[in-house]
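J.: Read off the chains here:
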Amino acid sequence: MPAPVPFDPQEVVDAKYKERKLRPGVTAKRTICTACDIQCSVVSEVKNGRVVRVRSSDNPIFRDNICMKGIISPKGLANPNRIMHPMKRVGERGSGQWERVSWEDAFEDIGARLKATIAEHGPEAWAVSTSQWNTGTDHGLGRRLMNHVGSPNWTSGVALCAGNTGAVNKFTYGWFPIGDFQNTKCIVLMGHNPRRHSWTPMYTWIRQAQARGAKLIVTDPRRSSSAERADIWLPLKVGSDAAMMFGWLKVIIDEELYDKDFVANWTIGFEELKERVNEYPLERVAKLTGCDPEMIAKAARMYATEGPAIIPWTPITDMQRNSTSGIRLQSILRSICGYVDVPGGEHLQGFNPDIINESEIEMHHVLADEQKSKQLGSDQHPAFTYRAQEKFCGPMKKVWGQEYSNIATGSYMTPPSSLFRAMAGEGPYPVKAFFFLGNNPMMSYANMNLIIKAMMNQDLIVAHEQFMTPSAQLADYVLPADSWLERPMMMDSMGWMSTVRTSEKSMEPPGECRSTFEFWKLLAGALDRPEVVPWETLEDFYDYRLEKLGMGWEEFVATTDVHFKTPEFRKYLKTGFATPSGKVELKSSILEELGFDPLPYFREDPPIDPEYPLKLFTGVREDGFFQTGHRHIEEMRKRHPEPVAFVSPGTAAKYELNEDEWIEVENELAAVSMKVAIKDAMPDDLVRVPHGWWKPEMEQGAGKLSGALKYADALLCRDDEDYLDREQGIPHLKGVACRILKSAPLNTDAEAQAEPVLEK
Amino acid sequence: MSSREREIRKQARAAKIQMWMAGRSSRNKSPLDKICRFIISRASTPKPEDDFLRDPLIDNDEGFDPDELDRFQRGELG
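Read top to bottom, the protein sequences are chains X and U. Per this note's numbering, the first sequence starts with residue 1, numbered consecutively. Per this note's numbering, the second sequence starts with residue 1001, numbered consecutively.
Hints are supplied without guarantee of correctness; some may be wrong.
Stated by the list, open to error - For the chain U half of the interface with chain X, some residues (derived, Cβ under 10 Å), not all of them: (1) Q1011; (2) D1061; (3) G1063.
If you are wondering where the hints come from, they were derived from the structure by calculation, not from laboratory data. This structure is a prediction, so every number in the text was calculated from the model and none was measured. C-beta: ideal position from N, C-alpha, C; glycine also.
For reference, chain X alone in the conformation it holds in the complex (with noise of 0.2 Å):
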């Protein structure tokens, strides 16, 4: 069913985008606005030295990329609650007594404390969690010196959401596409819902290639604005995505309807792969799935004759027991298409390679074997640790032309869950020190009571923030961070698009803060490895990353608006594929080498506890708010003012609930408040929860912080064996057991009763 028009002619008359005229006194910059990590490239209107207004960008490739959250920043980084000065900690930790200090001084105490942790448990006993996603300015400057120092413990949101994708990605073709919405004729969106205010970059591709006449397919157990739009919706059960893939690949292997082809010539384990398909027949995928054979056959036929086609990236399988089986799925129907590296197909862009990707700045090679093999978690999970992604190094550098490939910053790290447990005293050996950047990581994992003890339990917390945030709360250090408007920033898509933008300098950063390359700055020095980097500022690290265009970062940014490089296809007729074999690995032989499974399968969910019969989807964003960020600003709360879980009319009945009425979500590890909205969206039984709420005017400090030990959806996600992903140790968000309990009124300080206008 179409979607409805979603505005009044009259208003697309009266609409003033076009007007570009700039008012008196007010200059433009062209920046790119990281309110969320899409980045879109946008214009800073400047006056009296200030950023007044942020509007989409000339430039027609960009326009329309632009949301509530990008529109808002200037108000909402100007919010008298931002962190101006860097605080250090002077009660216990948690108390909120602080007192200010130079940053001079925070890193020459922050430098001795490390030192002294290093050399009392190694260096592995330093850990940081972050992402350049966050941090804009990090590129790489965090790991170069953790590599140097010699420690493999970095871990990070991306961990669960795009940076795992691309890591599981090369197992089987050595890179992670991305899809060519421009050329593409047929789109599946798993579970995904890109809106106007939402991934707004994403939305617009699809909106434009369905106006051309491409083909539509969603897969969600709700029905999404993007279902609305779909011409095939299968409602699947939550969590059963990797089911789902079987189901297509039967029927598109059973009917032939595969690139025979490209599977003779360019693949390897196909029979094996056909043998483990013949597992699951219509009939077993509908039971698993819920969902009618039929259109699951229409789905799988969409896809394999309609193309080319392609599966964005989505969330939802990066979140899932059956993360790895789910990702590399989609990396086999991509495969037996056809649809790899050819136009309106799944484009394996490569680095750029007029620019020093983040890759080579990190520097992986000078961090000791002994270290990397004693990453947290590599023993259990090891699919984006070190064990596993070095396997790449060959195939890396016969292919893309450099051994370390740390495709959006999901490759090395550290699997959260285990490092949080060696934080909080049960691991393998101590973790005592613990630095975050632009990163809630409280609430940005699994088991929030566990990093709550993994926190509590450190010699050195350092957080480099906008806001006291309920991490930033039990730091030992919060320095103020600056923003994309007050800072220059080079952005290169972490090596995932060959694209290159750039931003330019806005404003002048308010009170004290800084970037996040000055951080790393302060720190080397600090641990008298200034050489590591050695860039007096930031513009000269730009300077130094341009050095192959033969121009520096002030030309570069004052001339080019995004610098590509020449679409090439098909590359691997000339190279082969970035994998052991040179082939697409429809097995792959390095999972196998780490003793698991080297083809997909599918865990059915643990029996139904009947204490705990709904399940519950969580990891959801709202369109005013990015990640656990953005709760300080009025405007945001009042479309926002309260977490609202989403049920249907079937479950409200079922369980007596009323609109707006206060409950408890619950499970095993804990109970959060929520307000209901009842939608006929929603299928029976399931729970969605908000990501990331707190409140910045809730009470500060431990056993407080905020509110998130009341609402946040991250006390309910489970990290036991039962709910992480075998290979990557990744939390299982889509379909945790929960229950309902009614609650009494909750004393709350929303300021207006807005509707709720999530997923619209």
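Add chain U to chain X, keeping to what the hints say.
T.: Same frame as chain X, but now just chain U:
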């Protein structure tokens, strides 16, 4: 050469031209750049009635007053 091979080669050439034009359009300096920008702009602008990206929240945004933002940052506004 098979028809599929011919089709892939044709699509690859078209994709290369698209990227080349996008690069020139983004540079927007020379007359050729500006022609590319004009063509891309025309090709990518939907009819108003088909424009799924129109949104009053975005389209009517006028930004902020710098003095007001200063006062807000100092905590002088509610």
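J.: Next step is simple, just say for each hint if it's right about the structure.
T.: Each hint, compared with the structure:
1. Hint status for U/Q1011 relative to chain X: holds, with the closest Cβ pair at about 4 Å, below 10 Å.
2. The criterion of a C-beta within 10 Å of any C-beta in chain X is met by U/D1061, whose closest approach is roughly 5 Å, and the hint holds.
3. For U/G1063, the interface hint holds, since its Cβ comes within 10 Å of a Cβ in chain X; the closest pair sits about 3 Å apart.
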